[in-house]
Amino acid sequence: AQSVTQLGSHVSVSEGALVLLRCNYSSSVPPYLFWYVQYPNQGLQLLLKYTTGATLVKGINGFEAEFKKSETSFHLTKPSAHMSDAAEYFCAVRATSGGSYIPTFGRGTSLIVHP
Amino acid sequence: KAGVTQTPRYLIKTRGQQVTLSCSPISGHRSVSWYQQTPGQGLQFLFEYFSETQRNKGNFPGRFSGRQFSNSRSEMNVSTLELGDSALYLCASSSTGDSYNSPLHFGNGTRLTVT
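Residue numbers (the numbering used here), protein chains in the order written: chain P, 228 to 342; chain H, 43 to 157.
None of these hints come from the bench; they were simulated from the model.
Computed from a prediction, not measured in an experiment: that's the story for all the values here.
A hint or two may mislead.
Only part of the chain P face toward chain H is listed, based on derived beta-carbon distances under 10 Å [claimed, not checked]: (1) TYR263; (2) ASN268; (3) LEU273; (4) LYS276; (5) TYR277; (6) THR279; (7) THR282; (8) PHE294; (9) PRO306; (10) MET310; (11) ALA313; (12) ARG321; (13) PRO330; (14) THR331; (15) PHE332; (16) GLY335.
Using N, Cα and C, we set each Cβ at its ideal position, and we do this for glycine too.
Taking the hints into account, I'd like the entire structure generated from these sequences.
Right under this line is the structure:
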């Protein structure tokens, strides 16, 4: 079984400040990890993904995430927030289990950016 | 390349009725999955189709069903609608059905309201 926990349903930052959105996962096998962003009235859009290899993953719009196996974490960061970053962010995990998979999403974190 | 297209965008139905939602995946994508998104439960996996076969199913009652056609287009049907079925229904396609690291490409969803 696998699960995802996103700490904080809302995160508020000032424009130009560091963005940190937390994600912890649970998986009995090596997982594939994803961050998605959802803007109002739209579907989800892939920000970045971790499969294997380099643990620091760079995505679109200046976001990056680091896979830390020892901490079972995959936190999303951006050095400087922009007003356009205000959206809902979802962490997701996929892992093979008996030959089938079901993607599991966190509950989401709403990023609020103040001018 | 055109993205994932879902129709209709909005639907209002009455309890007890049934509804069919449609999803056209990105050209060349053979895997289509469906999700229900609500404020209370977040994003929940409904089912996934690959080459016209249902490969995975989430924990939803039998009132929720789907199918996939030979051109990879997919439909989802909900019978005997309940108030709790009000949600945003998202469809996603991916390019490689056998690879768990393939990201999901989401449509903008169908907002279903049951009155």
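Structure-based check of each hint:
no.	hint	in the structure
1	TYR263	8 Å, holds
2	ASN268	7 Å, holds
3	LEU273	4 Å, holds
4	LYS276	6 Å, holds
5	TYR277	9 Å, holds
6	THR279	8 Å, holds
7	THR282	15 Å, violated
8	PHE294	13 Å, violated
9	PRO306	24 Å, violated
10	MET310	22 Å, violated
11	ALA313	18 Å, violated
12	ARG321	5 Å, holds
13	PRO330	6 Å, holds
14	THR331	8 Å, holds
15	PHE332	4 Å, holds
16	GLY335	6 Å, holds
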